[in-house]
Amino acid sequence: MENKYLEFDIVVIGGGTAGPMAAIKAKQENPNLKVLLIEKANVKRSGAISMGMDGLNNAVIPGYATPEQYTKEITIANDGVVNQTTVYAYAKHSFTTIQQLDQWGIKFEKDETGEFAVKKVHHMGAYVLPMPEGHDVKKVLYRQLKRAQVKINNRIVTTKLLKNEQGAINGVLGFDCRSGDFYVIKTKAAILCCGAAGRLGLPASGYLMGTYENPTNAGDGYAMAYHAGAELANLECFQINPLIKDYNGPACAYVTGPLGGYTANSKGERFIECDYWSGQMMWEFYQELESGNGPVYLKVDHLAEETIQTIEEILHTNERPSRGRFHEGRGTNYRQDMVEMHISEIGFCSGHSASGVWVNEKAETSVKGLYSAGDMAAVPHNYMLGAFTYGWFAGVNAAQYVNAVEDSELNQSEIEAEKARIFAPLNCSEG
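Quick note, the numbering used here runs 8 ahead of the 1-based positions in the sequence shown.
Derived from the structure by calculation, the hints contain no laboratory data.
Glycine residues also receive a C-beta, built at the ideal position from the N, C-alpha and C atoms.
Here are the simulated DMTMM-like cross-link-like pairs (lysine to aspartate or glutamate), alpha carbons at most 20 Å apart as the crow flies: (1) 376 <-> 414; (2) 427 <-> 184; (3) 147 <-> 110; (4) 275 <-> 345; (5) 376 <-> 173; (6) 127 <-> 321; (7) 159 <-> 189.
Computed spacing ranges between beta-carbons, pair by pair: (8) 83 <-> 157: 39 to 47 Å; (9) 39 <-> 370: 18 to 26 Å; (10) 297 <-> 36: 47 to 55 Å.
Using the sequences and the hints given, assemble the complete structure.
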């Protein structure tokens, strides 16, 4: 095990969704900057979208919705617990982000005229844009990272952020989970894109790997931000979701809804007005379970064969391709059976609720030189498209910020203390 010393202008922590976009946009803003992307797995297949995505939940596309309408929609869905400035900033930039992804080669569903085929699931506007071939998202991102000449270090677990005497970020510490090498990285700015904190609650299955969230999204970003002095926001608005029972993957009523599927009680009756996630929807779901009308199901068995085949193609090849094998093992056939649902364990995830590290409309946290984007940044209901958008904001603004930042010395006592903490388990003879 060796000590590794690196120096970069910007360090992006997390190579899932927001992180790659932040790194790419930082390099595009200033190609002369030294930008490092750190990932504890491998950027090629890491993060919550490692196996792709079946659609955009919150696409604000002209002709279908406006930024003002979307901001109102999310404010209502989240019972008013939102920073409307950040939601509105996302909504204004949403279509630009979609156009960029489309240009890069990420495939969205389009109609016969070549326009985006937007579907309605929300209460007011139409925001859902299907991605039947969304399994290639990570491949597309990786190509763009290489084109932008972003330096990538895989298998590095980041554990601590360092600050200078003025309270601004000036370093990142971590270790290689394969070799055990200890990393000290000097930087002028850091961008946290570490995903959700998905292990706050134990799933009903009892298996830690069976969480709704990617099990590697363990809340390390929240912890690093907190210990660096960054403000957190809306932690009381944690994430719970209606899931396929025993599978802990999303039932995807928002995917099947535009095709005629819906959430039903044991009698096959629809009881939820709108399948889009909201506090009201989860309350209705819980009430139905407690009323004696449960279990609750995803109902698609009434649909035509062609429609069911389309649903299977989307749900069994993108995001969680193990879903098809799970149904096969249980003997569940969409043509004959409703799919039983349940409620997930709790987790922190602003992408699906509102709980995260406080950021403003520039993706700046309350700590100077520290930015955040994606599921761990408190931009309510931002989902994958919001992660890309705020990653974009973070990359551009961090690149502009570091132009005026001078080098500062790292705190050696903090470095030694963190190294001792990381490797302490190796010095234990027992326990």
